[in-house]
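Chain order of the listed sequences is A and B. Using my numbering, read the first sequence as starting at 1 and increasing by one per residue. Using my numbering, read the second sequence as starting at 1 and increasing by one per residue.
There's no promise every hint is true.
Stated by the list, open to error - Cut-off 25 angstroms, straight-line C-alpha distance, at most; resulting in silico cross-link-like pairs (PhoX-like, lysine-lysine): (1) Lys-125(B) <-> Lys-88(A); (2) Lys-154(B) <-> Lys-34(A); (3) Lys-125(B) <-> Lys-34(A); (4) Lys-125(B) <-> Lys-222(B); (5) Lys-182(B) <-> Lys-88(A); (6) Lys-154(B) <-> Lys-7(A); (7) Lys-88(A) <-> Lys-115(B); (8) Lys-45(A) <-> Lys-7(A); (9) Lys-125(B) <-> Lys-42(B).
No lab work stands behind these hints, which were simulated from the structure alone.
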Amino acid sequence: MAVKALKTAEFDGAIQGSHVAVVDFWADWCGPCKMVSPVIDGLEKAYGDRVLVAKVNVDDEHELAARFGVSSIPTVIFFRDGAEVERKIGVQTAGVYQAILEANL
Amino acid sequence: MSYDVLVIGGGPAGLSAAINVRARNKQVLVVSNPMEESPLWKAEQIDNYLGLPGVTGPEMLRVMHRHAQAAGVEFREGKVLNTMHMENAWYVSIGSDMESAAAIVLAGGVSRGKKFPGEEELLGKGVSYCATCDGMLYRGRPVAVVGYGDSARKEASFLEGIGCKVTYFHRPGSCSIQGSGKVESITCDGKTAAVDCVFLLRPTMAPTELFPGLAVEGGYVKVDRRMATNLPGVFAAGDCTGLPLQVAKAVGEGLVAGQSAAAYAVQNGQGR
Ligand SMILES: Cc1cc2nc3c(=O)[nH]c(=O)nc-3n(C[C@H](O)[C@H](O)[C@H](O)COP(=O)(O)OP(=O)(O)OC[C@H]3O[C@@H](n4cnc5c(N)ncnc54)[C@H](O)[C@@H]3O)c2cc1C
Numbered sequence: 001m002a003v004k005a006l007k008t009a010e011f012d013g014a015i016q017g018s019h020v021a022v023v024d025f026w027a028d029w030c031g032p033c034k035m036v037s038p039v040i041d042g043l044e045k046a047y048g049d050r051v052l053v054a055k056v057n058v059d060d061e062h063e064l065a066a067r068f069g070v071s072s073i074p075t076v077i078f079f080r081d082g083a084e085v086e087r088k089i090g091v092q093t094a095g096v097y098q099a100i101l102e103a104n105l
Numbered sequence: 001m002s003y004d005v006l007v008i009g010g011g012p013a014g015l016s017a018a019i020n021v022r023a024r025n026k027q028v029l030v031v032s033n034p035m036e037e038s039p040l041w042k043a044e045q046i047d048n049y050l051g052l053p054g055v056t057g058p059e060m061l062r063v064m065h066r067h068a069q070a071a072g073v074e075f076r077e078g079k080v081l082n083t084m085h086m087e088n089a090w091y092v093s094i095g096s097d098m099e100s101a102a103a104i105v106l107a108g109g110v111s112r113g114k115k116f117p118g119e120e121e122l123l124g125k126g127v128s129y130c131a132t133c134d135g136m137l138y139r140g141r142p143v144a145v146v147g148y149g150d151s152a153r154k155e156a157s158f159l160e161g162i163g164c165k166v167t168y169f170h171r172p173g174s175c176s177i178q179g180s181g182k183v184e185s186i187t188c189d190g191k192t193a194a195v196d197c198v199f200l201l202r203p204t205m206a207p208t209e210l211f212p213g214l215a216v217e218g219g220y221v222k223v224d225r226r227m228a229t230n231l232p233g234v235f236a237a238g239d240c241t242g243l244p245l246q247v248a249k250a251v252g253e254g255l256v257a258g259q260s261a262a263a264y265a266v267q268n269g270q271g272r
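From just these sequences and the hints, can you work out the full model?
Below, the structure is given as C-alpha cells:
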C-alpha cells in the first residue's frame, strides 16, 4: 500500500478509524519535506498493516494545516484513538518516528 | 541527480576539495551562498598565500572559482538547511530542492553569531530558517525577516510576493524573540514588531545543526588526518575545523578532504 494522501473531508474519519495514525504535513516547495518523504514511505512498509500512515499537502488543505497549528514543515503528527499524542517538527531520522510508533502501538 | 561528492561551502576549502574530487574523475557539486557574501570577499589584501602576493579577497575568490569551473565542478547557489543519512547516501536540502551524494565535504567556514533569546524554544513554533519552506503558511500575516545579505533580501521579497506582511531587520546587533508556545513578537536593537513568524536567514548554520551527532571540540569540527569526522562519509576542511583561520590551511585541508571523500565514494557509492 502507498502512503495515503488525506483530504480535509476524509481526515477525521480516517484518523478515528485507526488505533494509531501518523500524518506527515508537507508541501512541494519544501526541500526538507522531500528528505522526510522516503522515511515516511519506510514507515508505511514496516507498520502499514497496523498503523495508518498518511500525508497532508498543506498547500491544498489549508484548513487542516490551520486546525493543527502547523507552523513549519515538515511536521509529523502522531494520533492514538483519534487524539494527538506527539508531534515532530523538522527533519528527523527513521528511528525517531519508529520509537514514537512503538511506544503507542 | 546523485553525485559522488557534495561540498557544502564555496570558499577556499570547499573549492580545493572540489577540484581534487574532479582530479579523481568523480562528479562533485558545490552548494554555497553567493561569492560576494563570503568572508574572504571583504579581505582588502592577502599577503601570505604562496605565489599570489598582494591579491584582494574578491580577486582570489574569482580565480579559485574559475579554476573549479574549468575543472568541471558543478555549482548550486543556496543554503544547505538539513542533511540526512539513509542507505549509504547523504541527502541534503537546499531551499525547495534536495540533492544526494555518497560523501560530503563540510567546508562552511566559521559560523558566527550566537542564537537569540527565544530562538531555540520557539523553533518550529514560528521561528523558521527557511522562507521557501514555511512562507506559504503565513500568507496574509505579519512576519519578520532577520537578514544579513542580498540573498536574505531576495527571500524577503519572495515572502512579500506571496502575501506576507514583512518587517525586515538588516544585520541587527541583537534580537530577542517573544511568545508563549508560539511567536508573538521580535525586538531587534530596541525596535519591536508584532509578528506571527520570524525568518532567521543567517548565511551559515552551525555544523552540529546541519549534522546532528557531529563531534566538535572547542567549537570546531573534530577531524582526523584524513579530515574524516565521526560521521560515515562526512569530511570537513577549512575554518570550520579550527585554527589557524587562514586560506592556505583551508586549501591544504580541502585537498585532503576532497581525496578522502572521493575514495569513500568509490568504496561506498552506488556503482556509478
Ligand atoms: C577581512 C578578512 C581578511 C582576511 N585576511 C586573510 C589573509 O590575509 N590571509 C589568510 O590566509 N586568510 C585571511 N582571512 C581568513 C580567510 O578568509 C579564511 O581563513 C578562509 O576564507 C577560510 O576558507 P573556508 O573555505 O574554510 O571558509 P569560507 O571562506 O568562510 O567559505 C565558506 C563558505 O561556505 C558558505 N556556507 C556556510 N554554510 C553554508 C551552508 N549551510 N549552505 C551553503 N553555504 C554555506 C559561506 O557563506 C561561505 O561562502 C581573512 C578573513 C577576513 C574576514
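Right, here's what the structure says about each hint:
Distance restraint check for Lys-125(B) and Lys-88(A): the Cα-Cα separation of roughly 11 angstroms lies within the 25 angstroms cut-off, and the hinted pair is therefore satisfied. Taking the CA atoms of Lys-154(B) and Lys-34(A), the gap is near 23 angstroms; set against the 25 angstroms cutoff, the hint holds. The straight-line distance between the Cα atoms of Lys-125(B) and Lys-34(A) is roughly 21 angstroms, inside the 25 angstroms bound, and the hint therefore holds. Simply put, Lys-125(B) and Lys-222(B) have alpha-carbon atoms about 32 angstroms apart, too far for the 25 angstroms limit, and the pair is violated.
In summary, the hint linking Lys-182(B) to Lys-88(A) is supported, as the alpha carbons are separated by about 15 angstroms, within the 25 angstroms threshold. Proximity of Lys-154(B) to Lys-7(A) is assessed by CA-CA distance (about 33 angstroms); at most 25 angstroms being required, the pair is judged violated. This hinted pair checks out: Lys-88(A) and Lys-115(B) have alpha carbons roughly 21 angstroms apart, not beyond 25 angstroms. This hinted pair checks out: Lys-45(A) and Lys-7(A) have alpha carbons roughly 22 angstroms apart, not beyond 25 angstroms.
A distance of roughly 35 angstroms separates the Cα atoms of Lys-125(B) and Lys-42(B); the hinted pair therefore is violated under the 25 angstroms criterion.
Of the hints listed earlier, those the structure fails to meet are numbers 4, 6, 9, in rising order.
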